[in-house]
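Here's the letter readout for the chains.
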Amino acid sequence: MTVEGWLLPDTEDPDAAEFWAACRERRLVVQGCADCGARRMPPRPMCPRCRSLAVRWDEVSGRGRIWSFCVPHPPLLPAYAAVAPYNAVIVELEDDPAIRLVGNLVTGPDGALNGVDPASIRIGEPVEVVFCRLTDDVTLPRWRRPAGGAGG
Amino acid sequence: MGRDPFQDRTAIVGIGQTPFGKGLADSELALACRAIAAALDDAGVRPNEVDGLVCFSMEDGREVEVARNLGLGDITFFTQVGYGGGAGCATVGHAALAVATGRCDVAVAWRARKRAARTSRPWSQVSERIRGHWQWSRPFGVLRPVDEIALLTRRYMHTYGATRDHLANVALAFRKHANRNPAATMHDRPLTREEYLAARWISEPLCLFDNCLETDGALAVVVTTAERAADLRHRPAYVHAYAQGLPRQHQVMTNYFCDDPLLGPSWVAGPKLWSRSEFRPADVPVAQLYDAFSPLIPLSLEGYGFCGRGEGAAFTEDGALEWPDGRLPTNTSGGGMSEAYVHGFNLVTEAVRQIRGTSTCQVPDAACCLVTSGEGVPTSALLLRR
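Keeping their order, the protein sequence lines are chains L and A. Counting with the working numbering, you get residues 1 to 152 for the letters of the first sequence. Counting with the working numbering, you get residues 1 to 386 for the letters of the second sequence.
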């Protein structure tokens, strides 16, 4: 998969490096407070519940449900226009529905952004995480319908 | 609670604007200067009387340049407001607060913008790697404001049964108003429901006509004390109430991570605005609601209390937003979707025209007019009165 022209995360961002490191190991983690346990995403230095700066990372199951989605069409940056229309989804995690992640619904780890018929996507349908390796440092979490699941 | 001491202490006494277009030759600074000069002429106030300046933090031509070009006096109050489209009403509000508290006597607030300019379209600026909160959306192809709002819109439609017909109600009402306004970009371009429904997608569920225009242009207002306003040439548009709103756990544009993403900034700014006002939503005869995208209108109608939660889409039915017979004629100059998109500043000047009685879709004897800034970003709102 070519990544030229794609917008990739800075995987050395001090608040997020552990998230991206876990993705490289094909683990989905969310940030939590090491003192009070409250989870928060996107990650940030301080716990908004107890003001602790102590951070931990909790591994989650990687199962979730589609909370919403959109289907971008051009005008877009060239790398994205080339695969438009594609989908972008928001997934709420099964372990903790208060945690939502933006991603894409694909057919598998190397599935194209436009590989799922947008007309088939439903809010509430179950999904599971897959890890798409783009570069040595960037592995993005994306989502697919569970095998034999109720999706589609 | 007693009367808010800020109520009606200041007024907008001058408005000015440039033509709206694409590819205007002027720089953003030159556009700003033209609009401010026009606003001062409209007010009958000399440039050397201006001692306060408030602008958007995104503004290209800042206070120093504006003051040197226009020959303003010694500036004793100046500040900037962030978050793009959320800033418009706040610039006026900050100017009014400064005048009301004696920090300055005559303040100018403005916005100049060239959408063709690279700096005006942050999403098109490709940086090598995405840092900060954008790394939780951009790498997944959520590139533009329209994609960010499309995600919220789909959830809103799913939750409350809103439809594309409701969004069309918004687009068509504002286009009808623009068709009466010679200054509007879309003055000569009628829009039908069939054309709306056949338009190309930009980010499903949003089509071309759910988006604001892309405009070069500038607007400015002059704010001074109620006492001074009484001696100037136009009927003052008194700043009756003003509020800002940055909800807890809010994230700019990609506000998906808080407990309840469909309760946007208007749910904070709205109740605070009414708590400082002698008017209630039911008293408001005309409104200018920030419309970078059509779904922001039902969201704002809810947050500012014109209907209950989830009822904003249904509110738009039966021509409710349309002048002259709707229950709440809204964006009576055409708004960002059909007059010009200058970060919502044309909504402020149109509210002043409604108070003066000079709108091309004039609501008779409008006692007050609500103006709101961007929903989806830290926002602000104004209630102007006669």
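Mixed in with the good hints, there may be bad ones.
[To be verified] Which chain L residues face chain A? A few, computed with CB under 7 angstroms, are given here:
no. : residue
1   : A88
2   : D136
3   : L140
[Said to hold, decoys possible] Derived coverage of chain A by chain L (criterion: at least 3 residues anywhere in the stretch with Cβ under 8 angstroms from a Cβ of chain L; other residues may be distant):
no. : region
4   : 130-141
5   : 190-204
6   : 247-255
FYI, nobody ran anything at the bench for these hints, they're computed from the structure. These numbers come from a predicted model, not from an experiment. In this text, a Cβ means the ideal position worked out from N, Cα and C, and glycines have one as well.
Chain A contact restraint for A88 (chain L) - C-beta distance below 7 angstroms | holds (5 angstroms)
Quick one, is the L140 (chain L) hint okay against chain A at 7 angstroms, beta carbons?
-> holds (6 angstroms)
State whether the coverage of the region 130-141 of chain A by chain L holds or is violated, taking the criterion as 3 or more residues with Cβ-Cβ distances under 8 angstroms.
-> Since three or more residues must qualify, the claim that chain L covers the region 130-141 of chain A holds, with 11 doing so at under 8 angstroms.
Given coverage of the region 190-204 of chain A by chain L, tested with a Cβ cutoff of 8 angstroms and a minimum of 3 residues | holds (count 5)
Restraint outcome when D136 (chain L) is required to lie within 7 angstroms of chain A by C-beta distance = violated (13 angstroms)
Coverage claim, chain L over the region 247-255 of chain A, checked by counting residues with Cβ within 8 angstroms (three needed) | holds (count 3)
This entry does not satisfy hint 2, going by the numbered hints stated previously; all others are met.
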